[in-house]
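A.B. asks: For reference, the chains in residue letters:
2 protein chains.
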Amino acid sequence: MGPGPSNAHPRALAAMSLPLLGHMHPPFLKIMDEVQEHLRYLFQTDSKYVLATSGSGHSAMEACVANLVEPGDKVIVCNNGIWGSRVCDMAARFGGDVVNMEKAHGQVYSFEEIKTAIETHKPAMFFCAQGESSTGAKQDLTGIGEVCRENGTLFLVDTVCSLGGIPFFVDDWKVDAVYSGGQKVISAPPGPSPLMFGERAMEKLHGRATEVATYNADLKMIGDYWGWYDKRFYHHTALVSNMYAFREALNITCEEGLDNLWARHRAAHEQLWDGLNSMGLESFIDDDASRLETVNTIKVPEGVDVNALIANAMDKYGIEISGGLGPTVGKIWRVGIMGYNCTPKNIEAVLTAFRDGLQQQGKL
Amino acid sequence: MGPGPSNAHPRALAAMSLPLLGHMHPPFLKIMDEVQEHLRYLFQTDSKYVLATSGSGHSAMEACVANLVEPGDKVIVCNNGIWGSRVCDMAARFGGDVVNMEKAHGQVYSFEEIKTAIETHKPAMFFCAQGESSTGAKQDLTGIGEVCRENGTLFLVDTVCSLGGIPFFVDDWKVDAVYSGGQKVISAPPGPSPLMFGERAMEKLHGRATEVATYNADLKMIGDYWGWYDKRFYHHTALVSNMYAFREALNITCEEGLDNLWARHRAAHEQLWDGLNSMGLESFIDDDASRLETVNTIKVPEGVDVNALIANAMDKYGIEISGGLGPTVGKIWRVGIMGYNCTPKNIEAVLTAFRDGLQQQGKL
Chain A
793 MGPGPSNAHP RALAAMSLPL LGHMHPPFLK IMDEVQEHLR YLFQTDSKYV
843 LATSGSGHSA MEACVANLVE PGDKVIVCNN GIWGSRVCDM AARFGGDVVN
893 MEKAHGQVYS FEEIKTAIET HKPAMFFCAQ GESSTGAKQD LTGIGEVCRE
943 NGTLFLVDTV CSLGGIPFFV DDWKVDAVYS GGQKVISAPP GPSPLMFGER
993 AMEKLHGRAT EVATYNADLK MIGDYWGWYD KRFYHHTALV SNMYAFREAL
1043 NITCEEGLDN LWARHRAAHE QLWDGLNSMG LESFIDDDAS RLETVNTIKV
1093 PEGVDVNALI ANAMDKYGIE ISGGLGPTVG KIWRVGIMGY NCTPKNIEAV
1143 LTAFRDGLQQ QGKL
Chain B
793 MGPGPSNAHP RALAAMSLPL LGHMHPPFLK IMDEVQEHLR YLFQTDSKYV
843 LATSGSGHSA MEACVANLVE PGDKVIVCNN GIWGSRVCDM AARFGGDVVN
893 MEKAHGQVYS FEEIKTAIET HKPAMFFCAQ GESSTGAKQD LTGIGEVCRE
943 NGTLFLVDTV CSLGGIPFFV DDWKVDAVYS GGQKVISAPP GPSPLMFGER
993 AMEKLHGRAT EVATYNADLK MIGDYWGWYD KRFYHHTALV SNMYAFREAL
1043 NITCEEGLDN LWARHRAAHE QLWDGLNSMG LESFIDDDAS RLETVNTIKV
1093 PEGVDVNALI ANAMDKYGIE ISGGLGPTVG KIWRVGIMGY NCTPKNIEAV
1143 LTAFRDGLQQ QGKL
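So the sequence lines, in the order shown, correspond to chains A and B.
Residue numbering for the first sequence follows our numbering, starting at 793 and increasing by one per position.
Residue numbering for the second sequence follows our numbering, starting at 793 and increasing by one per position.
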């Protein structure tokens, strides 16, 4: 019940043990095709250009940044948590001229702030995370896509901990590129990570004046392996077993359907906060509308030992509750409720662990 | 029985289905420690700086090249197959001044050629592949390490398809950096790939004037996750399930021991060639001493349909026999005999498939 990896679906875990297929064999390519169909549904896009990178979320993040940022390109990064800070790091490594729109961890950006920044800098790319799993903040994305199009800017979104758990619409929101993770709401073991490029992102990719800085993240070649150009090029040995599990987890996820997924995550989030509030605990995120359903951040009350509560939850209940990350270490707990883990029973268990942890410290 | 991925050990496959641990949890870090101990044995090194990248062989290759090559560094690449050509590509992307020592696929390099090249160019790095799985050529590494030290050159070796199957000694041979694959002789599913940096490589890494070009391959940070600097830094979400399987496959491999592994692979190689020669088939590699035991390349005789034989082997016997790669397409077959797949029974099955395939075409 931390911010991820989530427990994997048992059916996804079982798929991990199946015998290996070759990474270029037709039956394996068919699995990749199925994965792409599922990803189009989850992203709510008709774009042909979807795939899953052979690595956890960072590999998909780097693939997006490496391919969309050329040396000298101006890049605006909403940096209100670890993921914004990682994108600043990566964009700078690839020669980007980074406009670091830094905010305190836990804050979000208003539409006006974003619009002004884009109109002022007219950057090649604008980045924000829909869900910042390091802070529990949810960024409203409404209208940003339009502003980006008006200013010749590509719109890149991180949905690692949010995709499938809360509404997200690539085509309707005019998102040009997006990446996510397989081990969060989708509940596969860590491995393949979803990624989508729209037409404008593909134009950038094919119009680059410079080669992509890394072979492993070169999406022209990886896309060629995934059939983006209607053939199959050997780029690297795919994570064969993980692809089985990912396909299986996507089957389960897509069968449930986005409306049901969103409702289930919203209900679990409300159940969690009803319980936490009743113990006097408060959200780290001030504004109700900016509280992420999938990763919840809880202020550590004055005088409470954050790690003692975490250790007790693990030792006594076998439940992972996480601390903060970076500047929020010691200030917050983080509870993930994603995919397979998102059940009323699990929320009850988390609440029990919190109640017991606070009681042990004489705080309840 | 292709050049990889090999079939995985059933115990390694079973380990893939175990429930997930968090990538920063102490029990998982202990698994990583065990993996490192095993890798030191397989590499025959006392170096502290071993780890497994979160990806197949290309990710380990890129990690080595990205960290050891700075813009402007001269790099000699023995390019007699696909892997040399990939290292040329990567080194150029990272700004290296590449001396492409190109040779026809299937050829190897004499010690004198290598010595002269290193003494002439005094490069920052010299690269060769011990086993070129695209051609079946085995490069003799004797003495190269000493020449590199005398000329201020780092010695990087690709052992993706050779490690564990044929003798290799990091410390004795003065290899500065090496990478391998997990899905070849080690017979884990594709995923973690071994990598080792010696003291001289670490000096280069820490003495760099420029930042490593990619976040995902930045070994200062990945090493920090693996305890190289005696703490544990969160860099990315590791491939948790794959690490279970990799540890299990390493347990099996190291329990058998290097001497036994080398003898088993040598015996299978001889069994294969006794059979192939008796059908009138010949090695693509002219020189006996340069024939790689783990990946064997067979000349396609005049008038034989290479793909019909491959299709028959798969359809009738369920056996993968591969064709060439790049310039050798249509000219050779490739048979991998690595790790779990390296058994007398499997060699017999391969020989049966060849015999039947030739007979069907009226060539035997």
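One thing to keep in mind: the hints can contain errors.
For chains that are exact copies, the list does not tell them apart, and a pair is met inside one copy or across any two.
Straight-line C-alpha distance at most 25 angstroms; calculated BS3-like pairs for lysine-lysine [unchecked claim]:
id, residue 1, residue 2
1, K822, K1123
2, K895, K1137
3, K895, K1091
4, K1123, K1023
Hint data in this document are derived by calculation from the structure and do not stem from the laboratory.
A.B. asks: Using 25 angstroms as the alpha carbon limit, work out where K822 and K1123 are close: within a copy, between copies, both or neither.
C.D. replies: Intra 47 angstroms, inter 28 angstroms, cutoff 25 angstroms: neither.
A.B. asks: Which holds for K895 with K1091 at a C-alpha limit of 25 angstroms: within a copy, between copies, both or neither?
C.D. replies: within (18 angstroms within a copy, 64 angstroms between copies)
A.B. asks: Between copies, within a copy, both or neither: which fits K895 and K1137 at Cα up to 25 angstroms?
C.D. replies: Neither way: K895 and K1137 sit 36 angstroms apart in one copy and 64 angstroms across, limit 25 angstroms.
A.B. asks: Checking an output row: K1123 and K1023, CA cutoff 25 angstroms. Within, between, both or neither?
C.D. replies: Between copies, since 22 angstroms is at most 25 angstroms while 51 angstroms is not.
Hints 1 and 2 from the earlier list are contradicted by this structure; the remaining hints agree with it.
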